[in-house]
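Taking the hints as your guide, dock the two standalone chains into a single complex.
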Amino acid sequence: MSDPYVGGRVLDVVRAPAAVLSTPSSDVDPTAPEIVQLAADLVATMRVSPGCVGLAAPQVGVAARVFCVDVSAHPKTREHHGTFVLCNAEVVEASRNERAREGCMSVPDLTGDVKRATRLVVTGQVPGTGEHVTITADAFEARALQHEIDHCSGLLFLDRVAGAHALHQRQTYL
Amino acid sequence: MTSHAITVLGHDRPGIIAETTARLAELGLNLEDSSMTRLRGHFAMTLVCAGDAAAADIESALTGLTADGTLTVTVREVPEEDAAPTGGTPYLLTVHGGDRPGIVSSVVGQVAQVGGNITDLTTRLAGDLYVLVAEIDLPAEVDVVALEGSIAAVATTLGVGATLRRAEADEL
Ligand SMILES: [Zn+2]
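These protein sequence lines are chains A and B, in that order. Residue numbering for the first sequence is 56 to 229, as defined by my numbering. Residue numbering for the second sequence is 42 to 213, as defined by my numbering.
Please keep in mind that the hints were generated in silico from the structure rather than gathered at the bench. Bear in mind the structure is a predicted one, so any value in this text is a computation, not a measurement. It is possible that some hints are incorrect.
[To be verified] In silico contact screen, one side only, chain A against chain B (beta carbon under 7 Å); selected entries:
| no. | residue |
| --- | --- |
| 1 | G106 |
| 2 | G109 |
| 3 | R156 |
| 4 | E157 |
| 5 | G158 |
| 6 | C159 |
| 7 | T166 |
| 8 | A199 |
| 9 | H202 |
[What the hints assert, rightly or not] Example chain A residues on the side facing chain B (calculated, C-beta under 10 Å, incomplete):
| no. | residue |
| --- | --- |
| 10 | S104 |
| 11 | P105 |
| 12 | V108 |
| 13 | H129 |
| 14 | F195 |
Note that beta-carbon positions come from the ideal geometry of N, C-alpha and C, so glycine has one too.
Okay, chain B solo, but in the shape it has when bound (with noise of 0.2 Å):
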């Protein structure tokens, strides 16, 4: 058993996912996790799947995907991760402000430097209005005050406004 890695990015219409997943499923592929949005217009899905197929015929059987020529498809053989949750404490950040080059290298950069890890992760560009939404997993030994601060200090110069939060969920 073996996983594999597909992208699929393009010109959006409709049928692109139903397409993929037959011919996934006529290879005996078992769909574990995906991500589909439209980026600026453009499909963009990433999906993993298990199952015994080699990436070569995986490649083949999506052909029909790419004849037209408006969608790439990447098959990659990847190796089983572990997915056990880390145990740190997850926080959302919402960034928002005039478009400016930089926004999401500076912010995301004081995360990185604390040793946060970013788990999902959205941008959007409307008009003039940057939006960055991201799910944050910091280690338990991460001074929250601190980075909250280091964020702060960095969104001041940007012009953008920015929060961080506690994203934990209650338990029902």
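Okay, chain A solo, but in the shape it has when bound (with noise of 0.2 Å):
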């Protein structure tokens, strides 16, 4: 099969504290040419970034409620649906939390740790076609799902650390 997100062009990465990582994003129309270059470029960003499983348009600058996800190649994950870019994304149900040690590219210096639901379903459009998806994940796959989507709402994994010493100096960067 060809890959459906050729084309991208790598962006530059924004970090905190930057307004936009910070501020809810806005539906799009997931047919507009626009979307789908923005969904190509993510994944072309995504995958010149080392370890990264994930990225979303605000963490390019762009507040839009885009993002795109690849765990396949992450030990931690079961189940996974390869790369795959989502628009207007909602959580729809979520269960099984467990608690985990999360970075981000956009956050470079500090970790912490989060609670994530290990169950979720979530719905959202495909860049292009604008088709309706419901995607079920698990394990990590859930775990990336919900971190792009918080920074589509505007959240970091700083606004979910699990308590005051759960923030954490990084001793080592990929």
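Have a look at this one:
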């Protein structure tokens, strides 16, 4: 199958504190050419970033509810859906919280312990066709989806850290 | 621009942090890193702030805190430290078991012996249960399996349980 996200450009990743990271993004028209291009750009930027399993539009400075995810190569992954982009995504079901440590390209010096659901149902639209899809995710893919959907709502993992001593200075960079 | 390390220790009550930070703000000092917790009910805060005030001026600005004699404040000028990552691997060490003298020193001694650096530490005594959680930065050349073995040996001698696990964050 051919790669549906061709022609993506590698964009600069915005770091906190940047207003765009703390502002809820707007809904998008998934069939608009600029959104199709943005989807490809997000995937291209994710692919050149070592260890990156997801990237949301606010992280490249665009306040749009679009993100990409690809956890297929991550050791904590169980089920996964490969590389995909969702527009206007929403969590419709979340259960079985687990706590784990997260990092984010937009907050490179810190990590934090965050509780996330390990069973997740998300709805959203596919860029290009605008088709409505429902995705059922578990384990690490569920965590990645929640992290990216949070970005689209103007939330960072810092907003969800499990306690005052659950924030850590990073010791190693990828 | 100089940096100062300030400690505030003593009897806990509402408003200690509010008062401390208000006095520092009035001096134009910028609160950088800080850590506060309660240790057996005692208020314990350490912070580093940057600005142009002298240590003596900071001390006198904070005298209101020590007026009733239940809090101790220290102010020290400290040099700029390099906060850059060390390139080691982060691990989390948990030790728990019946309280007895020497748990921390024996276990942590094994970590120090291989050049491991503790970057964060909490110990709590809850009834007879003693718990230690430490964030450890291990240099790349450390034989982690051997370290696990030496920690396990010390733990067995002390009659406590110990686990060492990777604390690496998942990039999202
Ligand atoms: Zn992120």
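Against the structure, the hints come out as follows:
1. G106: holds (4 Å)
2. G109: holds (5 Å)
3. R156: holds (4 Å)
4. E157: At about 5 Å, which falls below the 7 Å cut-off, the nearest Cβ of chain B leaves the hint on E157 of chain A intact, so it holds.
5. G158: holds (4 Å)
6. C159: holds (6 Å)
7. T166: holds (4 Å)
8. A199: holds (5 Å)
9. H202: Constraint on H202 of chain A satisfied, holds at 4 Å.
10. S104: holds (8 Å)
11. P105: Where the cut-off is 10 Å and the nearest Cβ of chain B is about 8 Å from P105 of chain A, the hint holds.
12. V108: holds (6 Å)
13. H129: holds (7 Å)
14. F195: holds (7 Å)
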